[in-house]
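Listed in order, the protein sequences are those of chains A and B. Everything in the first sequence is counted per my numbering, starting at 1 for the first residue and increasing by one. Everything in the second sequence is counted per my numbering, starting at 1 for the first residue and increasing by one.
Simulated from the structure, these hints should not be mistaken for lab results. Be aware that one or more of the hints could be misleading.
Which chain A residues face chain B? A few, computed with CB under 10 Å, are given here [stated by the list, open to error]:
1. D6
2. R18
3. L19
4. I23
5. V25
6. A31
7. L36
8. N59
Here are some chain A residues pointing at chain B (derived, C-beta under 7 Å) [stated by the list, open to error]:
9. K8
10. G9
11. Y37
All C-beta atoms in this analysis are idealised placements derived from N, C-alpha and C, irrespective of residue type, glycine included.
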Amino acid sequence: MAFEQDYKGFQDYYEARRLNTRIQVIQVLFAAVLVLYLFAFWYLQVVKVDYYKRLSDNNRLRRVTLMPLRGVIADDEHRVLANNRIAFNIRLDREKVADMKAFFPRLAGILGVPEKTLNERLARYRGRPAFEPVILKEDVDLAEAAYIESRRLELPMLSVEVESRRNYLYGALAAHALGYVGEASEDQIKSDPSGEFELGEIVGKAGVEKQYDADLKGVKGWKQVVVNSLGREIQEIEEGRKPNPGRAMRLSIDLDLQRALEEAYGDEAGSAVFLDPNSGAVLAMISRPAYDPNVFAHRFSQDTWEGLVSDPRHPLQDRVSLSKFAPGSVFKVVMSIAALEENVATPARGDHCTGLWRFGDKVFQCWAVRKGGHGYLTMREAIIQSCNIYFYHLGNDMGIDRISKWAKLLGFGEQTKLDLPYEEAGTVPDPEWKRRAVPRDPFWHPGETISVSIGQGALEVTPIQMARFAAAIGNGGTLYRPHLLLSHEVREGVEEEERQDYVERRVPLSPRTIEVIKDAMWGVVNEDGTGGRAKIAGRDICAKTGTAQVFRASRDIDADKLPKDKRDHAWFVGFAPKDDPRIAWAVFVQNGGHGGTTAAPIARAVLERFFQKLDVREGGQQLASVAVPQ
Amino acid sequence: MPAWRSLNNFDWILFLAILAACSVGLVVIYSATTGTPSAGAFHRQMIWLLLGIVLMLLAVLIDYHTLAEFSPVFYGLSLLLLLLTLVYGHVVNASKSWLGIGHVQFQPSEIAKVSTILMLAAYLGRERVRGLGAVHFAAICAIIGLPVLLIMRQPDLGTAVTFAPLYAGAVFIGGIRVRTLVILALIATLALPMAWGHLKPYQKERVKTFLEPTRDPKGSGYQLIQSLIAVGSGGLFGKGFLSGTQGQLQFLPEQHTDFVFAVLAEERGFIGAMLALGLYFVIIYRCLATARAARDRLGVFLAIGVVCTFAGQALLNIGVVVGMLPTTGVPLPLMSYGGSSLASTLLGMGLVLNVWMRRLVN
Numbered sequence: 001m002a003f004e005q006d007y008k009g010f011q012d013y014y015e016a017r018r019l020n021t022r023i024q025v026i027q028v029l030f031a032a033v034l035v036l037y038l039f040a041f042w043y044l045q046v047v048k049v050d051y052y053k054r055l056s057d058n059n060r061l062r063r064v065t066l067m068p069l070r071g072v073i074a075d076d077e078h079r080v081l082a083n084n085r086i087a088f089n090i091r092l093d094r095e096k097v098a099d100m101k102a103f104f105p106r107l108a109g110i111l112g113v114p115e116k117t118l119n120e121r122l123a124r125y126r127g128r129p130a131f132e133p134v135i136l137k138e139d140v141d142l143a144e145a146a147y148i149e150s151r152r153l154e155l156p157m158l159s160v161e162v163e164s165r166r167n168y169l170y171g172a173l174a175a176h177a178l179g180y181v182g183e184a185s186e187d188q189i190k191s192d193p194s195g196e197f198e199l200g201e202i203v204g205k206a207g208v209e210k211q212y213d214a215d216l217k218g219v220k221g222w223k224q225v226v227v228n229s230l231g232r233e234i235q236e237i238e239e240g241r242k243p244n245p246g247r248a249m250r251l252s253i254d255l256d257l258q259r260a261l262e263e264a265y266g267d268e269a270g271s272a273v274f275l276d277p278n279s280g281a282v283l284a285m286i287s288r289p290a291y292d293p294n295v296f297a298h299r300f301s302q303d304t305w306e307g308l309v310s311d312p313r314h315p316l317q318d319r320v321s322l323s324k325f326a327p328g329s330v331f332k333v334v335m336s337i338a339a340l341e342e343n344v345a346t347p348a349r350g351d352h353c354t355g356l357w358r359f360g361d362k363v364f365q366c367w368a369v370r371k372g373g374h375g376y377l378t379m380r381e382a383i384i385q386s387c388n389i390y391f392y393h394l395g396n397d398m399g400i401d402r403i404s405k406w407a408k409l410l411g412f413g414e415q416t417k418l419d420l421p422y423e424e425a426g427t428v429p430d431p432e433w434k435r436r437a438v439p440r441d442p443f444w445h446p447g448e449t450i451s452v453s454i455g456q457g458a459l460e461v462t463p464i465q466m467a468r469f470a471a472a473i474g475n476g477g478t479l480y481r482p483h484l485l486l487s488h489e490v491r492e493g494v495e496e497e498e499r500q501d502y503v504e505r506r507v508p509l510s511p512r513t514i515e516v517i518k519d520a521m522w523g524v525v526n527e528d529g530t531g532g533r534a535k536i537a538g539r540d541i542c543a544k545t546g547t548a549q550v551f552r553a554s555r556d557i558d559a560d561k562l563p564k565d566k567r568d569h570a571w572f573v574g575f576a577p578k579d580d581p582r583i584a585w586a587v588f589v590q591n592g593g594h595g596g597t598t599a600a601p602i603a604r605a606v607l608e609r610f611f612q613k614l615d616v617r618e619g620g621q622q623l624a625s626v627a628v629p630q
Numbered sequence: 001m002p003a004w005r006s007l008n009n010f011d012w013i014l015f016l017a018i019l020a021a022c023s024v025g026l027v028v029i030y031s032a033t034t035g036t037p038s039a040g041a042f043h044r045q046m047i048w049l050l051l052g053i054v055l056m057l058l059a060v061l062i063d064y065h066t067l068a069e070f071s072p073v074f075y076g077l078s079l080l081l082l083l084l085t086l087v088y089g090h091v092v093n094a095s096k097s098w099l100g101i102g103h104v105q106f107q108p109s110e111i112a113k114v115s116t117i118l119m120l121a122a123y124l125g126r127e128r129v130r131g132l133g134a135v136h137f138a139a140i141c142a143i144i145g146l147p148v149l150l151i152m153r154q155p156d157l158g159t160a161v162t163f164a165p166l167y168a169g170a171v172f173i174g175g176i177r178v179r180t181l182v183i184l185a186l187i188a189t190l191a192l193p194m195a196w197g198h199l200k201p202y203q204k205e206r207v208k209t210f211l212e213p214t215r216d217p218k219g220s221g222y223q224l225i226q227s228l229i230a231v232g233s234g235g236l237f238g239k240g241f242l243s244g245t246q247g248q249l250q251f252l253p254e255q256h257t258d259f260v261f262a263v264l265a266e267e268r269g270f271i272g273a274m275l276a277l278g279l280y281f282v283i284i285y286r287c288l289a290t291a292r293a294a295r296d297r298l299g300v301f302l303a304i305g306v307v308c309t310f311a312g313q314a315l316l317n318i319g320v321v322v323g324m325l326p327t328t329g330v331p332l333p334l335m336s337y338g339g340s341s342l343a344s345t346l347l348g349m350g351l352v353l354n355v356w357m358r359r360l361v362n
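Please construct the entire structure, taking both the sequences and the accompanying hints into account.
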């Protein structure tokens, strides 16, 4: 080519050598960097390989917990009380919205939720990864879910999530027995020893749901998914475990009795519990005011929750096992048992009631003071008429130590071990207790014994203790542990009866004592006594009324004309039938006035339903046994 | 000398090493983009590769002296293209560095790279210098400085930086005195803090992040950390073809461009990374051998210009991947996705093959 001569050859040997040397320098330089890189790769890929493998797996693998279905709760006849249903939530994918501010007014219109609420819900997710969807509206109906689902092209940022939700079929029915579920609190997560709780996990918070949470909740499963850098699931890995559904649970509660009780109770505050006196099984229980446990299944139930917590009527409190009140005249039964067993008195002991009794510098009254007292009474008549004077004298003769001994033997002042998460023990006062509990005035005064003798003073009992006590009289002295659990599923579809020994202890009562007490309690209902309103012909209902004083009314004020919250609490405690009892109960109506007036009719309504069912069952059995010989 | 006789002297080792590197690049691009939004990259790269090979063979066939004679034309044309880019260019990632003709988009800065090498070699090949006079020094600065200034206007700092090794190589081989070199190095060291003040905020951020990647793991440190995870988790033998999770699942950004070597190291492991490094070593070694064997100064400076640009980019890119250098946005020559870069690199390699083929004076 012609251009070659334009370019210089090497001047001389020295120039060529110098160039050569400098090229070699460059060569060495490049080679050195490459060797350096070799070591860098060696370090990263061989020395630190495990470290980076782990980081890489953390990047791409995500463990997804699969929540099991919660166990179904049914009544004693397998009628479902609580199950799970499908709920639809509307979720927002924040990554797909460019301008949240501009989009929200439109969104508020679509969802029918105020913009402010939407903003609050969005704010809960601040600091969470952007790929995590925000739940904007919970538990929408099928129509709305379908509306959103059918507009995926228009509204790609909205999606419908399907989740399982606890469902209480009868709303507030037996709410305090069933309890409710909710997201595990941070404290719960921290204090759980197994460390298995996850944020947002649904756990039992009260009632049976809490008590048997371990059985009901089932076993969580998990799967491993591969996600991309945006957190989207790309594929599922074989590895994993299916969730095991929770065990179904059958309660001893009878839906029919429970319904009868709920209806009869009306709008009163208080509680009632009905037991099987031969096992301690709870047949029905109510606590009012109640709440609808379904509201707790919602995430956005903060307002409802706060409303319930701050409600002065305390609807969340289970008044069957957590409220303690003076037993009032019901305690006269305890007094009679103690006097008979300690041989302080015979059933024939007679006394004269003038309506007033001066003891020390105090005057104690009988409720019949305005008609001049009850006159002459034996023990049976004193129980039937619920005479105070008779038991003032009896208490004074017996002394506080023997009274408290028998009160404790009969199950007061201790937890009944009912299978619910919390229970109060109540108080049975005696000099020892007073020294510990009232340091301001540590001495027992004789007048306090007199108050205790008619179930007032420092005496405090819970309705469940009262029901158990009534059951013990009915069954001849056995204290059972009251319980709600009848059976639970051991394998899928296979149910196993709880074969626990529910006997707590047998109280040594002589048959004679029981006979006298039963007879007197029969008289309360059937012989023009204070509990006449509970009488059902042919059912031999035995009971005792009681009135726990709230306000010490002077003798001039008619108790029925007091404002509602100043009125006394009413008790109606008993069992039926007299011989071979099948049901025992305690009905408690807060500010209900006299026990015979408000509490007895409630018990009667439930008892009617109970005996109606019993007749059908046993009548059917008799028919069957007649049919066999043919 | 007839062309067919020159073919006997063709550097087959360099040629095959280049083809091997390109093939490895294609395979990695395929693996890194399958199932991602960049899935079309493989086919586009394939077309550019074929075009690049044609350009390379053209650059081999025409005597490099002839090419050097026309270097001012090429150089002038590239500068014109760079100017046009500043006016009509497309903006990608905040810099105006793309020019489109019909549907084809290319980066004039890559073309400028080759024409600058040619222009520089033509200048230094004509001069007979002992030591490096002030005039020569100024000329070198001007030839390289003009395109660099235009590229920095885009602004595309990454590409501008790739001219630095070319400059260093030209000055060093051009015969700079060792004493001058030491003085320049001292000045550069002192000027560094001043240069820091002129960096853009995002550039400062990159340097800071490099020094301490965990400072901002979700932001600017993210690429660096993800790249290290990709490389490290590859282990000795790698995760296998199409199985690199860092690249495939897009944890690693720019997986088929600036971080293609990280994907390679993840999928092929230490062994694969070493083989690829070996390929680059062979290519660099053969280019330097060409420089040593060149029959005149023009050949020496052509080979040196190409190898310095090539090796500078390659080492800079891999240094970023293993976390030894701050993120610069420089593609890995021959392997990274990017047609203009591939074509211009192949063109440069054509010049080196040309010099080797015509190394013997008959």
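The hints, checked one at a time:
| no. | hint | in the structure |
| --- | --- | --- |
| 1 | D6 | holds (6 Å) |
| 2 | R18 | holds (7 Å) |
| 3 | L19 | holds (6 Å) |
| 4 | I23 | holds (5 Å) |
| 5 | V25 | holds (8 Å) |
| 6 | A31 | holds (7 Å) |
| 7 | L36 | holds (8 Å) |
| 8 | N59 | holds (5 Å) |
| 9 | K8 | holds (5 Å) |
| 10 | G9 | holds (5 Å) |
| 11 | Y37 | holds (6 Å) |
No hint from the list above goes unmet by this structure.
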